[in-house]
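Construct all of the structure, not just a fragment, from the sequences and the given hints.
Number of protein chains: 2
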Amino acid sequence: MENNKYCVIMAGGIGTRFWPKSRQSMPKQFLDILGTGKSFIRHTYERFEKLVPPENFLVVTNIKYKQLVLEHLPELKEEQILCEPIGRNTAPCIAYAAYTLLKKNPDAEMIVTPSDHMILNEDDFRVIIRECMEFAAGHDAMLTVGIKPTRPETGYGYIQVSDNQIISKVKCFTEKPNLELAQTFIQCGEFFWNSGIFIWKVNTIIEAFKKYLPDHHQLFSAVLKAQTPEEERNIAETAFSECRAISIDYGIMEKADNVYVRCGEFGWSDVGTWGSVYQHSRKDRYANAIPQEGCYVYDTRSSIVSVPKDKIAIISGLKEYIVVDTDDVLMICPRSEEQSIKKFIDEVKYHNGDKHI
Amino acid sequence: MENNKYCVIMAGGIGTRFWPKSRQSMPKQFLDILGTGKSFIRHTYERFEKLVPPENFLVVTNIKYKQLVLEHLPELKEEQILCEPIGRNTAPCIAYAAYTLLKKNPDAEMIVTPSDHMILNEDDFRVIIRECMEFAAGHDAMLTVGIKPTRPETGYGYIQVSDNQIISKVKCFTEKPNLELAQTFIQCGEFFWNSGIFIWKVNTIIEAFKKYLPDHHQLFSAVLKAQTPEEERNIAETAFSECRAISIDYGIMEKADNVYVRCGEFGWSDVGTWGSVYQHSRKDRYANAIPQEGCYVYDTRSSIVSVPKDKIAIISGLKEYIVVDTDDVLMICPRSEEQSIKKFIDEVKYHNGDKHI
Chain A
1 MENNKYCVIM AGGIGTRFWP KSRQSMPKQF LDILGTGKSF IRHTYERFEK
51 LVPPENFLVV TNIKYKQLVL EHLPELKEEQ ILCEPIGRNT APCIAYAAYT
101 LLKKNPDAEM IVTPSDHMIL NEDDFRVIIR ECMEFAAGHD AMLTVGIKPT
151 RPETGYGYIQ VSDNQIISKV KCFTEKPNLE LAQTFIQCGE FFWNSGIFIW
201 KVNTIIEAFK KYLPDHHQLF SAVLKAQTPE EERNIAETAF SECRAISIDY
251 GIMEKADNVY VRCGEFGWSD VGTWGSVYQH SRKDRYANAI PQEGCYVYDT
301 RSSIVSVPKD KIAIISGLKE YIVVDTDDVL MICPRSEEQS IKKFIDEVKY
351 HNGDKHI
Chain B
1 MENNKYCVIM AGGIGTRFWP KSRQSMPKQF LDILGTGKSF IRHTYERFEK
51 LVPPENFLVV TNIKYKQLVL EHLPELKEEQ ILCEPIGRNT APCIAYAAYT
101 LLKKNPDAEM IVTPSDHMIL NEDDFRVIIR ECMEFAAGHD AMLTVGIKPT
151 RPETGYGYIQ VSDNQIISKV KCFTEKPNLE LAQTFIQCGE FFWNSGIFIW
201 KVNTIIEAFK KYLPDHHQLF SAVLKAQTPE EERNIAETAF SECRAISIDY
251 GIMEKADNVY VRCGEFGWSD VGTWGSVYQH SRKDRYANAI PQEGCYVYDT
301 RSSIVSVPKD KIAIISGLKE YIVVDTDDVL MICPRSEEQS IKKFIDEVKY
351 HNGDKHI
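One line per chain: the protein sequences are A and B, in this order. Be aware that the first sequence starts at 1, since it is given in the working numbering, and climbs by one per residue. Be aware that the second sequence starts at 1, since it is given in the working numbering, and climbs by one per residue.
There may be inaccurate statements among the hints.
[To be verified] Sample of chain B residues lacking proximity to chain A, with all beta carbon distances greater than 10 Å (derived):
1) Gly87
2) Leu120
3) Asp163
4) Asp257
5) His356
[Said to hold, decoys possible] Across the chosen pairs, the derived CB separations fall in these ranges:
6) B:Tyr350 <-> A:Glu46: 37 to 43 Å
7) A:Asp346 <-> B:Lys309: 19 to 25 Å
8) A:Lys225 <-> B:Asp328: 36 to 42 Å
9) A:Lys342 <-> B:Glu175: 27 to 33 Å
10) A:Glu71 <-> B:Lys309: 27 to 33 Å
11) B:Asp32 <-> A:Glu175: 50 to 56 Å
12) A:Asp284 <-> B:Lys176: 34 to 40 Å
13) A:Glu46 <-> B:Asp328: 32 to 38 Å
14) A:Lys342 <-> B:Gly189: 44 to 50 Å
15) A:Lys309 <-> B:Gly189: 53 to 59 Å
16) A:Asp123 <-> B:Asp328: 39 to 45 Å
[To be verified] With the C-beta cut set under 7 Å, the calculated list includes, among others, these residues of chain B facing chain A:
17) Ile246
18) Asp328
19) Met331
20) Tyr350
Bear in mind the hints are in silico, worked out from the structure with no lab data behind them. Glycine included, every Cβ here is placed at the ideal spot set by N, Cα and C.
Set out below in structure tokens:
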């Protein structure tokens, strides 16, 4: 029965928020921004390896990252990497994986996970995922994992539970609330962050595609008819180019009535900003998150420094700054200005083209 | 008669004050820190090229910079580069050049110049040098060029004139006064900065060596007996390893009574610190001295930025900083802390060895 359990890693993100460290040629999931010794995608793989055998993983990624995925996850065979010719948000990505799994094994039970999140307490996390898989195996249900919120974050999606069950039916999804609403959510206690981790039987999600995203169903179900890998690639190419970009949350989860959430606390972070990297990094006594070697700081505090390995950094007189140095881009900016990175990228792109992006 | 005029460029400096931009392998004289398109040594050569024919130049430098000199001054032949096996300050350097010239041409008239200074008004400067050469040709005199001081600089040597003649006898030399004394010097009006540029007949300086630095005379006059370039190299090697390190100012100029100074204003700077580079650089409207291309600044003022060509720099929220980025070292420090560079170097040296120095 173990063979019915599959893990789909979504790894198509471009990840500009960590520019200049993340690049279009090297997005966040392939980086070790926290200095753990392993990339995010490697951590993700190892997290689920204890639940799912290596041959039951699928990674959906952009065609240009296929080789990177194989380098980071040498356990996988080439046919386990599904390539998106173009990013179309999570629904098409999941549709591609679901129809591929359906073809392989109609009894497949499917975990879907982002490739670039951090989870500190992996044992606790796996207990929760096992519970979800058990529930999904016995019910015609779509499960998502909710995170107990620790701050009124406006950049996340929120899930409202309808009862106090361990696995609760979802009352409502709210994408990126304003600060006031987020504060109300926190106080209320019924709201949880949407981790973007899903668990369901492949048949259940296929049924949902048929019902809520019939165009996607039509386009991606063509995968079932493919006779050769080449045919399958062509079908995927057509499907991605013709389908509408839409998230699984917006396209299915918010509309379906068999959606459940298992909330938990297991040291989760999407590590979506330099601020969050700072928060999760080891700090020196002046609260600086700096490389352990080759970085000399004077009169500097609460700053985060990232420089290439073997490079020396001398930092004097910075308070609450982000310093990111790469081979071709140096960025110095106050931590309070991290949302300006998009503006920086746009300006560099405008003047210098895509070379440094 | 033109053939009697020689120019000796002293280019042995290691130049750590511009670290990490200047390196032991690439000292300041070979850099274009001000972004003029030419290195300091190239500017120096071209400055004197209108006074002295190319074959009458000598460059005294450390053996390890010989190839660099030939690259920057391809007009020179190998035998015009005199190599110091070890730096021993200016007196041995000048002795080596003087005895070499004496051997070549006993009627030689000699200009001695540092290789890493900036002179903005080169025409005015050459008028002064010509006057000095004329004076030196007709007198048994050692001339130095004095600069009208613009601030009570404590890092320079000062020359006190004894009268108001255009070429005045020197009353007194004072090396690096404290601030109070420097302020008195400025107010007094009789004191000028010592530019380290000297003009004399080779016979005059040789006489001075005999009289004031007889050990140096003995060691370096052996050059006269050398039959082959190899013999000469061996003699120089012995002389440098045995002689005392001493400056020409301290060893001769302060003691001799035939020392004159020609004071002038011609936009001189020794460009000895990042502050001085900042001062002489073109600034944007927020007083930033930044590269013309590839540097994007936000909420940043009065800062100086140096990054490798083709590198992108994004600088946000810095006021009065120095940012110097090189392939293997990044330095960020307040302009007011530039004297800490020596401390930075020491710390890097202690932990990482000479690799980055």
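Taking the earlier hints as the rules, which of them does this structure contradict? Hints 5, 8, 9, 14, 17 and 20 are the ones this structure does not satisfy, whereas the remaining hints hold.
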